[in-house]
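Number of protein chains: 4
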Amino acid sequence: MNKGRLEAFSDGVIAIIITIMVLELKVPTGPEAHDIGALHGLWPVFLSYALSYVYLGIYWNNHHHMLHATRQISGGVLWANLHLLFWLSLVPFVTGWMGESHFAPRPMALYGAVMLMAAVAYWILLNSILRTEGPDSVLARAVGRDKKGKLSPLLYVLAIGAAFVSPAISGALYATVALIWVIPDRRIERVLADGHATGSPKPQ
Amino acid sequence: MNKGRLEAFSDGVIAIIITIMVLELKVPTGPEAHDIGALHGLWPVFLSYALSYVYLGIYWNNHHHMLHATRQISGGVLWANLHLLFWLSLVPFVTGWMGESHFAPRPMALYGAVMLMAAVAYWILLNSILRTEGPDSVLARAVGRDKKGKLSPLLYVLAIGAAFVSPAISGALYATVALIWVIPDRRIERVLADGHATGSPKPQ
Amino acid sequence: MNKGRLEAFSDGVIAIIITIMVLELKVPTGPEAHDIGALHGLWPVFLSYALSYVYLGIYWNNHHHMLHATRQISGGVLWANLHLLFWLSLVPFVTGWMGESHFAPRPMALYGAVMLMAAVAYWILLNSILRTEGPDSVLARAVGRDKKGKLSPLLYVLAIGAAFVSPAISGALYATVALIWVIPDRRIERVLADGHATGSPKPQ
Amino acid sequence: MNKGRLEAFSDGVIAIIITIMVLELKVPTGPEAHDIGALHGLWPVFLSYALSYVYLGIYWNNHHHMLHATRQISGGVLWANLHLLFWLSLVPFVTGWMGESHFAPRPMALYGAVMLMAAVAYWILLNSILRTEGPDSVLARAVGRDKKGKLSPLLYVLAIGAAFVSPAISGALYATVALIWVIPDRRIERVLADGHATGSPKPQ
Chain A
4 MNKGRLEAFS DGVIAIIITI MVLELKVPTG PEAHDIGALH GLWPVFLSYA LSYVYLGIYW
64 NNHHHMLHAT RQISGGVLWA NLHLLFWLSL VPFVTGWMGE SHFAPRPMAL YGAVMLMAAV
124 AYWILLNSIL RTEGPDSVLA RAVGRDKKGK LSPLLYVLAI GAAFVSPAIS GALYATVALI
184 WVIPDRRIER VLADGHATGS PKPQ
Chain B
4 MNKGRLEAFS DGVIAIIITI MVLELKVPTG PEAHDIGALH GLWPVFLSYA LSYVYLGIYW
64 NNHHHMLHAT RQISGGVLWA NLHLLFWLSL VPFVTGWMGE SHFAPRPMAL YGAVMLMAAV
124 AYWILLNSIL RTEGPDSVLA RAVGRDKKGK LSPLLYVLAI GAAFVSPAIS GALYATVALI
184 WVIPDRRIER VLADGHATGS PKPQ
Chain C
4 MNKGRLEAFS DGVIAIIITI MVLELKVPTG PEAHDIGALH GLWPVFLSYA LSYVYLGIYW
64 NNHHHMLHAT RQISGGVLWA NLHLLFWLSL VPFVTGWMGE SHFAPRPMAL YGAVMLMAAV
124 AYWILLNSIL RTEGPDSVLA RAVGRDKKGK LSPLLYVLAI GAAFVSPAIS GALYATVALI
184 WVIPDRRIER VLADGHATGS PKPQ
Chain D
4 MNKGRLEAFS DGVIAIIITI MVLELKVPTG PEAHDIGALH GLWPVFLSYA LSYVYLGIYW
64 NNHHHMLHAT RQISGGVLWA NLHLLFWLSL VPFVTGWMGE SHFAPRPMAL YGAVMLMAAV
124 AYWILLNSIL RTEGPDSVLA RAVGRDKKGK LSPLLYVLAI GAAFVSPAIS GALYATVALI
184 WVIPDRRIER VLADGHATGS PKPQ
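Protein chains in written order, with this note's numbering: chain A, 4 to 207; chain B, 4 to 207; chain C, 4 to 207; chain D, 4 to 207.
Simulated from the structure, these hints should not be mistaken for laboratory data. Hints may be right or wrong, so weigh each one.
Using 27 Å as the maximum straight-line C-alpha spacing, the simulated BS3-like pairs for lysine-lysine come out as follows [unchecked claim]:
#1 D:K29 to C:K6
#2 B:K29 to A:K29
#3 C:K29 to B:K29
Everything numeric in this text was worked out from a predicted model, so none of it was measured.
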């Protein structure tokens, strides 16, 4: 089974999702379109875009590392991957709605719901890969107890609830999840590096 | 002839088709756009999107397996592949129309017509590859009598006719085809696995 | 210099151009949108799309074969390739205008002008590759006297002129160029095959 | 760490950015849409598109050469690359605004601001790669004193200021930066060629 093609397809879809999201930043038209004030109403859309860009960057990075440590792809993994990409493909829609509505409660809650589903789909994908790789694989050791993977869904659920009380708290929670994950891949990088170090200790 | 570039191009087109389809899910605007009711009218569009996403996922998976078992690409295969991608490229349009019209008869029938043409194009592609691979190839054995490949067009024709009587039956038939195919690649996977097993029996 | 990345980038751009073009097929909305008559006005757009799809398929196929027979990529080739992609990127615009205007004279002439520029850009790319490959290269022999490459620009010029007299003649000329090129790659395929045959004659 | 996937993802994003930009060239509709005059208002949009196309071509070329001379990719490089792609993803928006506003002062200044941020992001990416590659690497020697990399941000700042006085001067400055960079890769190409020549002198 061809790992390269799975990676290429996922990269393509994520690259397109990221770029299509920017289309929500609509060029101002009309009489006062040349004024800098025309951009004022775009701030929420821009902020939403930046947040989702970071999220998709995190998914791409983690996906990259996960597959780098994967040796075999089964038919089930192909579908688990498509399932993840399905939820990610809804990100431009919920991002656009959140921005357009200037962070209204319901759009903020829906944003969290899609992110929660994407996290669940990532968890399913990870586990369907681990099933083929086995508990002693490089990937299994790299993932370990997966604290971040367990914390994020919890924070999403909190953020969904908070959206109806205070969209600001909800937004802060989304930003927190992003910050937690921005350097997540280090885990796998470290184990990979350790593995190499153990196998062939460097004279330093 | 370079198989990799054919795969990459097809992946690119399918990835873009999938992602462009989601643009039909238009962000609600206007006075009541922040309300969850604003999403009510989007359900048919979302359902249509999900159905077409599964279809395109099936095509991508089958295409992946078919080319994995292919050794040579002729000029005719390049065009047969472009022909398949042409019909798939019309999927966002018919999906959008089906959703926007809330599953009206004519859009549902047109959806089936495009799916029928895509199935025919896939059949042509498969056969132009089989012509070069020969009847004893891994691919030929994997495809076998191709029951699903023969059943789907029949179901599409039924669904097109049913659209004018009951769009619900038509939709159920489309969902049935999707379900039949969701795990189709097993065929080729199994033969490939058998081939390996026969060639080099594992001591287990 | 990395040939693979040039191919991948070109494939990506061409795949996106093809798929973005289909967005001109706008889903009918409004009171009579469910009626099949709603599609009536879309025929010119669909026809234009199909024609441009074939043209882009031809460019992709020829590009594929040309680079397959190329061994080295210089900095000049990178820019010549970007120049070709620039003109191809305008194809969705001229295709959309031609379709929307129901084949009016000026849009038809502009279509030919963009196609003419793309043909010139392809010719420049081919020659900048040939300069590095040399006159005895596989590519140089495959291209030969390049009759089709010389005929197409002439037909485009005729079609541009004819657009102001009879758009039908103009359209027929565009279709003719497409037909001439649909099996153009055979040239290179044959020489490649001959080369192999000479090197290792098959006992048949 | 997989360099190929970083390249493929970046190529995908840049290819999509370039192609999405062309969507700002909107097909004329309405009573006089078939007239050539309908294109008159599109000239600023077309000019903006052509300028940004050249800029993105430059980024793609330089990115291509930089990574060609790179041997290892760290986690930091992945994020530095995503940071660069973020600013490039805003290019279609600022290009569209500049064109739509017929080169009004504020849109022209914003264009420069995004270009400045992209240049800064490129500089960060280059330096995070150089940190892993080391001062004696092929890349470090190829980059040298990086005069162009230091000149461009200065010209962008000048152009941002000039936008409020004379958009024409601002535009001329943007065009100048593009011209300076159109053949920038020669630097790395030359050192690579020199390196090969020194390493294994050809008997010619």
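Comparing the hints with the structure gives:
no.	hint	in the structure
1	D:K29 to C:K6	34 Å, violated
2	B:K29 to A:K29	13 Å, holds
3	C:K29 to B:K29	13 Å, holds
The structure does not agree with numbered hint 1 stated previously, though it agrees with all others.
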